[in-house]
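Okay, here's what each chain looks like letter by letter:
2 protein chains.
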Amino acid sequence: MPILRHRTIQLAHGSGGKLTHELITRLFADRFSNPALDRLDDQAVIDCGGIRLAFSTDSYVVDPIFFPGGNIGELAVNGTINDICMCGARPVALSAAFILEEGLAVADLERIVDSMQRAAARAGVDIVTGDTKVVNRGKGDKLFINTAGIGIVDHPYDISARRLEADDRIVISGRIANHGMAVLSKREGLAFESPIESDTAALNRLTSALVSGLGASLHAMRDPTRGGVAAVLNEFAAASGVGIVLEESALPIAPAVAGACELLGLDPLYVANEGVLIAVVAAEKAELAVTVLRGHELGRRAALIGRVRAKPPGLVAMRTLLGTERIVDMPVGEQLPRIC
Amino acid sequence: MPILRHRTIQLAHGSGGKLTHELITRLFADRFSNPALDRLDDQAVIDCGGIRLAFSTDSYVVDPIFFPGGNIGELAVNGTINDICMCGARPVALSAAFILEEGLAVADLERIVDSMQRAAARAGVDIVTGDTKVVNRGKGDKLFINTAGIGIVDHPYDISARRLEADDRIVISGRIANHGMAVLSKREGLAFESPIESDTAALNRLTSALVSGLGASLHAMRDPTRGGVAAVLNEFAAASGVGIVLEESALPIAPAVAGACELLGLDPLYVANEGVLIAVVAAEKAELAVTVLRGHELGRRAALIGRVRAKPPGLVAMRTLLGTERIVDMPVGEQLPRIC
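So the protein sequences, as listed, match chains A and B.
Residue 279 in this note's numbering sits at position 279 of the first sequence, with consecutive numbering throughout.
Residue 230 in this note's numbering sits at position 230 of the second sequence, with consecutive numbering throughout.
If we strip away everything but chain A, and leave its shape as in the complex, we get (with noise of 0.2 Å):
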């Protein structure tokens, strides 16, 4: 039996969704298996000379590379510094790696590096080592960034997809789906009334005093970037073995990317964010974590969004504006490639 339903690969196998999903968990997981791994969290975390180390790798491959609110730079820089903190750690030092196509404008280059840089001195963690490499012309596009991050697990807690409990509150940390209107608005050449901007930014100081803040009451966080909200609450559903139902209404939304979303017909619990966490915290300490995260700019929208619930294990729900219940599954297929 093959071990991938396709034989060659589609865009699809890189959305975050089911077929991502797949190829992980059928062809790298299996052959690199080892106890840090099998975790398959967005960061391993390692024993390292006697300290417990974070470290994650990201590719950013977003097209175009220049869009409203950001660009592929800072996007690597924030977005491998929130795999890192989203167990709890400490980010300590980055590196970043650029494969060029040849005839890029070394002007974009520097530009792209200037708003790395200015990234990686907002969330105070420094890029020590890097690696270039130059591609023919036609064998690339533009430029792909690979950013790997270390950081220092300095906590005592199990912060983790596996630590869902009945009852528990979904908190999320500011409005959703920016990220990725933001890319497919300049991609497509789709102007709105109101500019809809990537929300990229470094949560490291959010977590950082969610931790501080809640010790043990909080059980997991997660940064929903590919497959959106949708992805990262299946994947907890399913590592934790519980149900999970959202409140739509309590979803914070902006107007402008939920009137973009419903014109596309586009749901933005599938679209990515890059400056959004979504914590999974003890029901009595939900009010106190959306009250931590009010205490910063990057979290002021902050809201309680649902809750978890022993059955369906597996089961993320979403009661509807109308009062009903509609099952929000795992992504399938590519909703918006390359989206970073």
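Incorrect hints may have been included.
[Unchecked claim] Residues on chain B that point at chain A, a partial pick, calculated with CB under 10 Å:
| hint | residue |
| --- | --- |
| 1 | K18 |
| 2 | F28 |
| 3 | P35 |
| 4 | D42 |
| 5 | V45 |
| 6 | L109 |
| 7 | H155 |
[To be verified] Pairs of lysine to any residue residues, derived as SDA-like cross-links and limited to a Cα-Cα distance of at most 20 Å, are as follows:
| hint | chain 1 | residue 1 | chain 2 | residue 2 |
| --- | --- | --- | --- | --- |
| 8 | A | K139 | B | G138 |
| 9 | A | K139 | B | G295 |
| 10 | A | K18 | B | E102 |
[Stated by the list, open to error] Pair ranges (Cβ atoms, derived):
| hint | chain 1 | residue 1 | chain 2 | residue 2 | range |
| --- | --- | --- | --- | --- | --- |
| 11 | A | P2 | B | L190 | 56 to 66 Å |
| 12 | B | D158 | A | E22 | 41 to 51 Å |
| 13 | A | P195 | B | T25 | 36 to 46 Å |
No lab work stands behind these hints, which were simulated from the structure alone.
Note that the coordinates shown come from a computational prediction; the quantities given were computed from them, not determined experimentally.
Every residue gets a Cβ at the ideal spot worked out from N, C-alpha and C, and that includes glycine.
With chain A's structure known, arrange chain B on it following the hints.
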């Protein structure tokens, strides 16, 4: 004044020669400046929770992805392990990030991932975290792989390009130019009498033996990849403000490789290696260094190939078979694009 002499990215910006150096120093290093990065070694060494951590990254864009003696995957594993261990660090964990082109055969990806796992196991290092992106057909080239790695520096020595002293000896662990000529012969469809295979291999056991055996007498180590032996020795000479003189008669090179280089008009000193290291050691420990290396399968052709002299600073020369001296300059242009 523009920061680079070209307004667009050239293939030679990725060759490991003068244009790469210009791009890295004037564009990246200047903006990202911090103590760890400013050393411009192949790895950063940072203090992390009280331990010294080596951190490195490399993207691999070699074309073709399968070549005699290896493929892009094992190259990516071995190459980053080598970058980490050249400061004498013990590699602990790797990340692997894939940029796949739509349409890549899943069977090819499987073979590559299998060989990555074997390479990692041989070196005793786990791949603990990863990422997968897919780009549209024609926007990439089958696959690019980035690996980043971390290691622990658990010795007290400063092994660095800045530590060369007059009368030090230059030691090489094996025959040169195999990787570059293997890739080139496959790419160009050339057939030589004896097949030429890449030397791709992880060198962490060799570096560890040198650190244990030589201690403070081990001044510098580096693996001569892009730009070959010539680029590494020029970097060493410039960083330490010393001269270096090689003995052509002492350079280990397979007859088939030497013949292929001659046929194609390539200087083997500029051709990439992926399983060879250069060590600079105090004169009185030079024989010991060779003995230590020859104790390992990968080092059994180790040889003394030259020495450091006080003057002229920054200049690398070679005493030829005819007894004359010729300058071995830093490579300028693109001898072999996409070699790693």
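Okay, the hints, checked on the actual structure:
Proximity of B:K18 to chain A is violated relative to the hint, the smallest CB-CB distance being about 14 Å (cut-off 10 Å). Taking 10 Å as the C-beta cut-off, the interface hint given for B:F28 holds, the closest approach to chain A being about 6 Å. The beta carbon of B:P35 is positioned within 10 Å of a beta carbon in chain A (closest approach about 9 Å), and the interface hint is therefore held. Satisfaction of the interface hint for B:D42 is found here, the shortest Cβ-Cβ separation to chain A being roughly 8 Å, below the 10 Å cut-off.
The beta carbon of B:V45 comes within 9 Å of a beta carbon in chain A, closer than 10 Å, and the hint placing it at the interface holds. Taking 10 Å as the C-beta cut-off, the interface hint given for B:L109 holds, the closest approach to chain A being about 7 Å. The interface hint given for B:H155 is violated, since its Cβ lies 13 Å from the closest Cβ of chain A, which is over the 10 Å cut-off. Distance hint between A:K139 and B:G138 is fulfilled; the C-alpha atoms sit about 7 Å from each other, no more than 20 Å.
At roughly 43 Å between alpha-carbon atoms, A:K139 and B:G295 are farther apart than 20 Å, so this suggested pair is violated. Taking the CA atoms of A:K18 and B:E102, the gap is about 17 Å. The hint holds against a cut of 20 Å. With their beta carbons about 35 Å apart, A:P2 and B:L190 fall outside the hinted range of 56 to 66 Å. In this structure the hint that B:D158 and A:E22 lie 41 to 51 Å apart at CB holds, the actual value being about 48 Å.
Between A:P195 and B:T25 the beta carbons are some 38 Å apart, a value that agrees with the proposed interval 36 to 46 Å.
Hints 1, 7, 9 and 11, counting from the list given before, are not met by this structure.
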